[in-house]
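> Residue numbers (our numbering), protein chains in the order written: chain A, 9 to 386; chain B, 107 to 528.
Where hints are given, some of them may not hold.
[Said to hold, decoys possible] With a cut-off of at most 30 Å between alpha-carbon atoms, the simulated DSBU-like pairs for lysine-lysine come out as follows:
{"no.": "1", "chain 1": "A", "residue 1": "LYS107", "chain 2": "A", "residue 2": "LYS181"}
{"no.": "2", "chain 1": "A", "residue 1": "LYS342", "chain 2": "B", "residue 2": "LYS312"}
{"no.": "3", "chain 1": "A", "residue 1": "LYS327", "chain 2": "B", "residue 2": "LYS312"}
{"no.": "4", "chain 1": "A", "residue 1": "LYS364", "chain 2": "B", "residue 2": "LYS200"}
{"no.": "5", "chain 1": "A", "residue 1": "LYS212", "chain 2": "A", "residue 2": "LYS257"}
{"no.": "6", "chain 1": "A", "residue 1": "LYS320", "chain 2": "A", "residue 2": "LYS364"}
{"no.": "7", "chain 1": "B", "residue 1": "LYS188", "chain 2": "A", "residue 2": "LYS357"}
{"no.": "8", "chain 1": "A", "residue 1": "LYS257", "chain 2": "A", "residue 2": "LYS127"}
{"no.": "9", "chain 1": "A", "residue 1": "LYS364", "chain 2": "B", "residue 2": "LYS255"}
Calculated directly from the structure, the hints in this document are not laboratory data.
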Amino acid sequence: MRAVRLTVTAAATAAALTALPACTAKSDAKDGDAIRVTAADSTCKTSTKSVPAGQVTLKIENTGSRATEVEILFPDDRIVSEKENIGPGTKYTLTAEVKAGAYEIACRPGMKGHGVRQKLTVTGGGTSAERDPKLDKAVADYRQYVQDQADATLPLAETFVKAVKDGDVDAAKKAYAPSRLGWERTEPVAESFGDIDPKVDIRKPDLEAGQKWTGWHRLEQALWEDKKVGAEEKTLADRLLADLKDWQKRVGKAEITPTSMANGAKELLDEVAKGKVTGEEEFYSHTDLVDFKGNVEGAQKAYELLRPVAAKNDPALAKELDKQFAALGTLLDKYRSDKDSYDFVTYDKVGKEQQKELSDAVNALAEPLSKLAATVVK
Amino acid sequence: MTETQETKGGSPSRRALIGWGGAGLALGAAAAGGAMAMAEVGNDVDPAAADMGGAVEFHGAHQAGIATPVQDRLHFAAFDVKTDDRAEFVQMLKDWTEAARRMTAGRPVGEGAYGGLAEAPPDDTGEALGLKPSRLTLTIGFGPSLFDKFGLHGRRPAALADLPAFPGDNLDRARTGGDLCVQACADDPQVAVHAIRNLARIGFGKVAVRWSQLGFGKTSSTTPGAQTPRNLFGFKDGTRNIAGTESDRLKKHVWVGDGDGGDGDAWMTGGSYLVARRIRMNIETWDRTPLQEQEDIFGRDKGEGAPVGKAKEHDKPFLKAMKPDAHVRLAHPDSNGGITILRRGYSFTDGTDGLGRLDAGLFFLAYQRDVREGFIPLQRRLSAHDALNEYIQHVGSAVFAVPPGVRDSGDWWGRALFSKEA
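Hey, can you work out the whole structure from these sequences and the hints?
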């Protein structure tokens, strides 16, 4: 679980980044095609309402008195690309690769609120950038993987929810961690929607004032700390299942690019580094190593799909990633007796020195993994 | 805590000169020479380099950061090796050397902190952009445990002796030992932290930080005649430290000589041995100690730092005028058959300890020609008799072989140890 705000930025960055290599080559020649955006304190003027699909350039000038933020938005307000903190009197050039469709350009004076919007129609047949067919295949396969994970999660979640509703604490505890695996493997994709993650995977310390605590971790606390489930928990169990069905329905349509896949893999390791290695994620159940394994498996899947391209562009990086994925896998295996099961040692039994060893192995993998995105779009 | 001599040399204003470094002020061949080199900003020469905010030459017969005038701040890190691939480790040492060469000159590592590929994290982490070189020195050392790896058995110098358990030690495993270390000293703390952070990042997968220590204030000086900075007990300690200009004493007590330890140790010629000790001070009980007792414990007066019965800090002490368990008397070379070490320690404070007490003390760093003839006999004596022991506890410990300097742009840290023929 990560903060929603960060999630949105990460997804947007991923979307924006795919455009950049092409941009460096083309930006000078295509200067005349740029959309000029004049952002003032209460207005947002754009020089054109329609551009062809592909490389879109925004030449932004903040003529207002406050710092502003300019975004290109999908119809559902997901961010295609954005630039925050454009100071008064300053200019910035924003580029993004945009497919045909209806969009909005938003200027947010003061960097908050709904902002002032202008329509933008992008014409033509999809993206103009030529992409390596191997990367298209990687994205398609990954999309399928994400969907498969969601599909496989549903019955496991149903088992968990049924046990909660039956008031069977032992059975619910047993079904808890397995019900989370598919989610943990593909978390960055789910997070790109922004609204599902806070409902199903938020931890107590991350709640905002007045926010109702729902989802897995709320039930985790009931099962492990309170050791009982009441009417409230049973209602929340139903709600969890409904939210997960929503996820299953939408996840296949998520915006996925080679860059977002690679960055998603790195983000899964970030999840491990921030929440699992410290034992914060599963504060009550201590099933952190199951999530840990799920995160690593998901990262490895994304990497393996991108590997043919990565190995061609940077053989040394691919070799290093192969080695570090294997090393982390071997290390994790020490914490389960059966390699085919997800029955890991609980994290309260993992000593300080072992935690350090796990943390070192995560750093050893995450550092080269942070170079994957740039390598696959090279 | 032993005998030293320190400095409060005119410390440079940290960021005052940033604005006018760079273009238009190239001084060409002016100045330079000696230990101080000119720092480059782009292709121009930064005039700030001529003062103490400038760059310290990375290359030389000895590593910088030992005889170099002591900088204000420290970030010291000990690393564990995580790979068993010798070639990979050697490549990391080369990468570290190149990064150290750049950072000590005030340049970012690799391709810099911005302007590179948008999809890739920048090579440099960026927090030292715009800061002066700040006399950054980076000094590498190899711990005894490194010699159990990479087929280095038999290459370990006898002078790199394991430290025995001293009375009163309460060593925390998590703050003790390490296969290698890097000492980063600079006049700007951010420059020192940036250096360790970037080396650690380059090292991921090959090495991992085992422990690290920040030091906020120097407690010793290697500058002749300068005043000794006070430690957290409020005293000047170790006023007879070896100065960076005393080449005779450096040669005798600090640098490993040609032939020391026999042919097998030839790779250490020009190097030194480093002992690092995290010495926790019982600040609160010390502060409740009467002035007379404090002065008796050290064997100095608190105001001037003069030895008992003397007027000035640098006056030659009359040891017999001090109590038998006074710190200066016990640590002085005259009481130890001439044993002399070069001290380069820093005061540290890592917040409080959970009981509301300052987690503070001295991060003791001492360089010597042979640990068996330097720190070990000295600490044997101090740990058994020093009146100061009631107020201190050694809680972390490490010892390292510090190889000689990187000679030129083709050389790298540890070459003599790792080259096949050496």
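> Indicate, hint by hint, whether the structure satisfies it.
Outcome of the hint check:
| no. | hint | verdict |
| --- | --- | --- |
| 1 | LYS107/A / LYS181/A | 46 Å, violated |
| 2 | LYS342/A / LYS312/B | 21 Å, holds |
| 3 | LYS327/A / LYS312/B | 14 Å, holds |
| 4 | LYS364/A / LYS200/B | 26 Å, holds |
| 5 | LYS212/A / LYS257/A | 27 Å, holds |
| 6 | LYS320/A / LYS364/A | 34 Å, violated |
| 7 | LYS188/B / LYS357/A | 24 Å, holds |
| 8 | LYS257/A / LYS127/A | 29 Å, holds |
| 9 | LYS364/A / LYS255/B | 20 Å, holds |
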